[in-house]
Amino acid sequence: VGTAIRPENICKSELFLNVTRRMFSTTPIFYVALAMGNHFFIIFALITTNLNTARMVHSFKNYLLRFCFIMGLALIALVSNGQLPVDINQLSDQQLIQYVQQANLAGLSEADLVAKARAKGLSDDQIAALKQRIQSLNLGAAGAGGNSSSANTNSKRNRIATYGPGYRDSAVGLQIFGADLFSQDNLTFEPNLNIPTPANYILGAGDELVVDVYGYSETTKKLQVTPDGYVRYPNVGPLKVMGLTIEEARQKIKAALLKIYPGISAGNTFVQVTLGQIRSIKVTMVGEIKRPGTYSLPSLATIANALYVSGGPSKIGSLRHISLMRNGKQVVDFDFYDFLLKGDLSKNALLQDGDVISVAPYQLRVAIKGAIKKPAIYELGAADNLSTVLQYS
-19 VGTAIRPENI CKSELFLNVT RRMFSTTPIF YVALAMGNHF FIIFALITTN
31 LNTARMVHSF KNYLLRFCFI MGLALIALVS NGQLPVDINQ LSDQQLIQYV
81 QQANLAGLSE ADLVAKARAK GLSDDQIAAL KQRIQSLNLG AAGAGGNSSS
131 ANTNSKRNRI ATYGPGYRDS AVGLQIFGAD LFSQDNLTFE PNLNIPTPAN
181 YILGAGDELV VDVYGYSETT KKLQVTPDGY VRYPNVGPLK VMGLTIEEAR
231 QKIKAALLKI YPGISAGNTF VQVTLGQIRS IKVTMVGEIK RPGTYSLPSL
281 ATIANALYVS GGPSKIGSLR HISLMRNGKQ VVDFDFYDFL LKGDLSKNAL
331 LQDGDVISVA PYQLRVAIKG AIKKPAIYEL GAADNLSTVL QYS
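The numbers in the working numbering rise by one with no breaks, and the one at position 45 of the sequence shown is 25.
Hints were generated in silico from the structure; no laboratory data involved. A quick note: this is a predicted structure, and the numbers were derived from the prediction, not measured. Check the hints yourself; a few may be wrong.
[Stated by the list, open to error] Pairs of lysine-lysine residues, derived as PhoX-like cross-links and limited to a Cα-Cα distance of at most 20 Å, are as follows:
#, residue 1, residue 2
1, Lys96, Lys111
2, Lys201, Lys239
3, Lys232, Lys262
4, Lys262, Lys239
5, Lys322, Lys295
Please model the entire structure based on the sequences and the hints provided.
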């Protein structure tokens, strides 16, 4: 019956007047139809089956008041059923938020929402605009298909993968200063292998030395440091270089080559020793580290490189007290704030095989926010006070 009634004809017919008069008098029947139906004209059809039980309305004023009241109830019913108006531009952000929340509670997926929107007469352009508004408000439907489900899964995994470095205190909503440095995809602390050998680099088993003899005599030899710490140059014999710096090894090799290259002492033959392929070293990470354990690193690695590989300090780990232990003794107490705030890497020591890096728990943290440039949670050192914290932020 509802589909047979056309809006352009219904207002002109005597039937409409009789139906509406009786409809507004049979309030209980109307409520039942309103609760069960999805379309306004279905409500009309349900009420016409009970016309004989209705009473006539004697006042046109009452008719208008009841009409406005029932139209309001109809709109509430439409919203409660999760239906969108055809003109989505009339929706405020708050209305859109309420609609999506209702869809989430109903367990509707994104595909379900699109189907409902099309059923209500929304065009593809309007649906696309609706999606864009929902995304701009950071909203989403529960169980919104494979893509949304996958995104939720990946999001959870990302939070687990960067829980230590990216820890955010839920009480104040601030991130620990410097913690995200170890979780950024576009930033790595890999050692630079294309640099001159540092003067304090200590040779060890597995390193490769390139010996260039040039001038009156010319030759090039590649010598690998054996497990017992020696290199063997033809016609010279084994030379122990383990534990020496690259410059100390050059002087020792040059002195040994005087036996077969007299031009070295005469000044017309020269010797250059450089580091070729580098060895791997084993470094152990302990304490409040996200992924403690023993790591294999290039021999040019530093404390910062090892911290990055291990994921950085945990949520209770300190960035101010990072100890480098060698042969049971503390070699360096590295304060990562020196690098973060001053660019000072003077204590970012080169690592050696068998080194241990220990990260202590933090002692004191202070959260600072408001009219500052860098609101965050800062770790305080022994000499820090309010003034230094304000300088940090």
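Here is what the structure says about each hint:
| no. | hint | result |
| --- | --- | --- |
| 1 | Lys96 - Lys111 | 13 Å, holds |
| 2 | Lys201 - Lys239 | 16 Å, holds |
| 3 | Lys232 - Lys262 | 27 Å, violated |
| 4 | Lys262 - Lys239 | 38 Å, violated |
| 5 | Lys322 - Lys295 | 23 Å, violated |
Hint violations for this structure: numbers 3, 4 and 5, all remaining hints satisfied.
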